[in-house]
Amino acid sequence: MNSNSKNLLVLPVFFYFLISLKQFYFYENNFGKILNYVNLKDNNLYEQIQGQHPYWELYQITKDSQKNNKKIYTIFFDQNEKFLDETSTLLLHKYKPELKNKDIKVYLTEPEVYLNYFMYPNLPKEISINDILTSKLEKGAYLISDKDVLLLYPQSKKFLNRISIKSEKDYILVNRRVEEYQFFVFYVK
Amino acid sequence: MLSNLFEYLQAVFFVISIFIIGDTLIHLFFSKFFNRNHFFIRLAFDFALGNFFLILVLTILYYFGLGNLANFNLYLILITPSLIIFILKIKINKNLIRFHKELLTILALLLFFSSLIKESLFSFLYAWDTVAIWFLKAKALFLTNSFEDALLFNAKLEYLYSHKAYPLGLPLIVAFFYRIIGSINDQAIKFYYLSFYLVIFLFFLGLFFQKKTKFFYLKVLSLFSYFLSPVFIMYSNNGYSDLPLGFVFLLLFYLYCDFLENKKDNLLKFSSIFACIMAGLALTIKYEALPFVIFAFVFFTISSLLKKQFKFNYSLVFYFILSITPFSLWYLYVRKNGLNLYAEESVFNFIEIITRGKTVTNLIITELLDTSRFGLFFWIILGFLVFSTATLLVNKEFKKVSVIILPILQFSFYIAFYLITPFNFTNQFFASFERLFLQLMPLIFLIFIKHLEYFEDKNLI
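Chains A and B supply the protein sequences, listed in that same order.
At position 164 of the first sequence the residue is numbered 170 (our numbering), and the sequence of numbers has no breaks.
At position 257 of the second sequence the residue is numbered 266 (our numbering), and the sequence of numbers has no breaks.
No wet-lab data here; the hints were simulated from the structure.
Don't take every hint at face value.
[To be verified] DSS-like, lysine-lysine: derived pairs with alpha carbons at most 30 Å apart:
1. A:Lys142 / B:Lys165
2. A:Lys28 / A:Lys100
3. A:Lys88 / B:Lys221
4. B:Lys221 / A:Lys172
5. A:Lys100 / B:Lys165
6. A:Lys111 / B:Lys165
7. B:Lys467 / B:Lys405
8. B:Lys221 / A:Lys28
9. A:Lys142 / A:Lys153
10. A:Lys76 / A:Lys28
11. A:Lys28 / A:Lys39
12. B:Lys165 / A:Lys106
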């Protein structure tokens with residue numbers, strides 16, 4: 007094979023290489039940008055990085071609940087099929103044969119997955135709206151919901167305060183598919 | 010006050026330690042086999058063997074409730090002799106200077122991927138399966154000393170989404186890192202996952218350096234064009250186990266090709282021993298490895314029966330048992346404690362399979378055509394492979410063609426998985442296809458290189 011025909015092969019590959027490089031530079035430009043928002047010399051580097059996490063508030067209340075022995079409750083209203091967790095539903099029916107003919111489904115959202123991870127080995131406690139309205143939650147406890155409980159049930163304003171969630175953090179992740187899921191965090195007054 | 014930046018540097022040391030442990034084991038037991046291999050290829054096997062060894066030790070400890078021993082002292086016990094042997098080896102090795110080119114290549118590669126390295130070290134966990142499955146398991150293992158005691162595994166109705174029965178190889182390594190630093194740093198350890206991606210580059214560069222041909226630069230450009238596609242970047246450090254599994258598949262496949270090409274009994278023996286270890290490692294990463302390992306086992310057995318030079322050796326039995334030990338112990342625990350795999354609930358309905366088959370075929374084509382994920386170059390490679398396979402068949406190179414059957418069988422398994430899944434198969438397809446296919450992508454590139462070299466050798470291009 008002569009060098010001309012060799013070049014003929016290298017040239018198109020070089021062209022594709024440039025395309026790949028362009029794609030890579032898109033990531034390259036965004037990767038590492040988190041360092042703009044953290045101080046490497048700080049003794050709390052882990053927390054600083056975690057501060058840019060989309061679920062930073064959940065992480066924070068988990069830490070607080072562990073430190074100060076506060077309870078975390080959850081109430082999720084949305085039963086959108088989008089959030090149906092088929093694995094849990096299937097296994098739940100397998101482990102609980104009494105549910106055999108019942109249409110019980112397990113729903114799982116991203117905030118719940120993160121909350122379970124942050125809280126492990128503890129788990130948040132699921133409660134009903136009745137429990138909330140009859141003020142069965144102890145003072146200082148946290149409540150996490152997919153709906154604004156204060157709007158849905160204005161009477162809960164007497165004993166619940168909403169913690170503001172910074173929906174957009176300074177650092178934007180570029181290589182993830184964002185699940186557009188709104189969540190609300192409250193604490194019991 | 011000391012910044013906890015040190016923890017992040019420890020993640021880098023930890024990864025280097027895995028290389029050193031693996032390298033020492035190779036030096037002590039398998040150096041003859043690797044003398045003929047390029048330094049980078051050896052590095053890839055160092056890393057794989059180091060991982061296997063750690064997983065073996067950690068599985069045994071956790072299985073017998075001795076997880077408390079998985080701590081900084083164990084790390085010192087493992088790393089100190091390895092480090093001494095490693096340093097002595099460097100001192101004795103007078104030809105070390107010849108490595109300057111390799112060291113420069115590594116530095117250049119690290120520089121090229123510096124942003125990705127920064128991202129892997131200094132960003133948080135964000136991927137669903139990583140949080141829901143892999144790192145949750147690592148956290149559970151860090152907090153306990155045996156599988157039995159971990160709430161994650163023994164809570165009957167909680168964490169059902171975490172696929173409790175999945176293998177624990179990589180979470181054990183992550184938990185070991187947490188034990189070494191004494192806390193959970195799920196940010197820094199992502200560098201460990203990135204290492205698999207970087208080592209794949211080194212492995213291929215090693216192949217190119219080992220057999221430097223006229224198409225050297227073409228191969229290097231192809232390597233970067235292929236492996237810089239978004240799907241690789243995305244899964245390089247997000248904590249998913251698919252790229253690490255792809256790396257192990259690659260090495261196992263490489264060993265099989267090596268086994269076919271070699272004629273010396275000694276090398277055949279080492280190829281099969283290492284294939285056993287790689288198979289054992291793959292099984293500790295994900296269950297998708299099971300069909301691949303079974304197919305590879307059948308292929309190795311048939312090929313060894315056809316090879317007159319291959320003599321059966323009892324050491325092979327020893328390594329086989331050793332290799333499947335971590336997987337067997339975990340599987341024993343899974344069975345004993347009734348941890349279910351949803352795959353066991355699969356549906357076998359012929360009409361349903363036919364109906365799904367049509368949809369799945371359409372979905373696969375549509376998905377693979379998405380160049381924003383798999384890259385344009387993937388299709389160039391695929392096109393070349395169709396052409397090259399046809400040429401090999403015309404030239405009656407059946408042995409070279411036969412190796413393609415292994416990834417095809419594995420791919421068929423993935424398709425079969427969608428055909429019988431108990432879940433909504435389209436949802437499952439979109440949630441998993443790209444990462445399942447990713448497991449085969451490094452191996453597809455190796456076939457491309459092998460075919461390209463054949464064309465070069467025969468002066469066909």
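Are the Cα atoms of Lys165 (chain B) and Lys106 (chain A) separated by 30 Å or less? holds, 17 Å
So if I understand the rule, the pair passes when the alpha-carbon distance is 30 Å or less; does Lys142 (chain A) with Lys165 (chain B) pass? It holds: about 27 Å lies between the C-alpha atoms, which stays within 30 Å.
Given hint Lys28 (chain A) paired with Lys221 (chain B) - CA-CA distance at most 30 Å: Roughly 28 Å separates the two Cα atoms, so the pair holds.
Straight-line Cα separation of Lys28 (chain A) and Lys39 (chain A) no greater than 30 Å? This hinted pair holds, its Cα atoms lying about 18 Å apart.
Do the alpha carbons of Lys111 (chain A) and Lys165 (chain B) lie within 30 Å of each other, as the hint requires? This hinted pair holds, its Cα atoms lying about 17 Å apart.
Does the alpha-carbon distance linking Lys467 (chain B) and Lys405 (chain B) stay inside the 30 Å limit? Given pair Lys467 (chain B), Lys405 (chain B) holds - Cα atoms ~13 Å apart, limit 30 Å.
Going straight from one Cα to the other, do Lys76 (chain A) and Lys28 (chain A) come out at no more than 30 Å? At roughly 49 Å apart (the allowed maximum being 30 Å), Lys28 (chain A) and Lys76 (chain A) break the hint.
Taking only the CA atoms, is the gap from Lys28 (chain A) to Lys100 (chain A) under or equal to 30 Å? violated, 49 Å
Within a Cα-Cα threshold of 30 Å, do Lys221 (chain B) and Lys172 (chain A) meet the stated pairing? The given pair, whose Cα atoms are some 55 Å apart, is violated under the 30 Å limit.
Taken at face value, is the distance from the CA of Lys165 (chain B) to the CA of Lys100 (chain A) at most 30 Å? Given pair Lys100 (chain A), Lys165 (chain B) holds - Cα atoms ~11 Å apart, limit 30 Å.
30 Å limit on alpha-carbon distance, applied to hinted pair Lys142 (chain A) and Lys153 (chain A): Holds - the C-alpha atoms of Lys153 (chain A) and Lys142 (chain A) are around 19 Å apart, at most 30 Å.
Below or equal to 30 Å on CA atoms is what counts here, so check Lys88 (chain A) against Lys221 (chain B). violated, 52 Å
The earlier numbered hints that this structure contradicts are 2, 3, 4 and 10.
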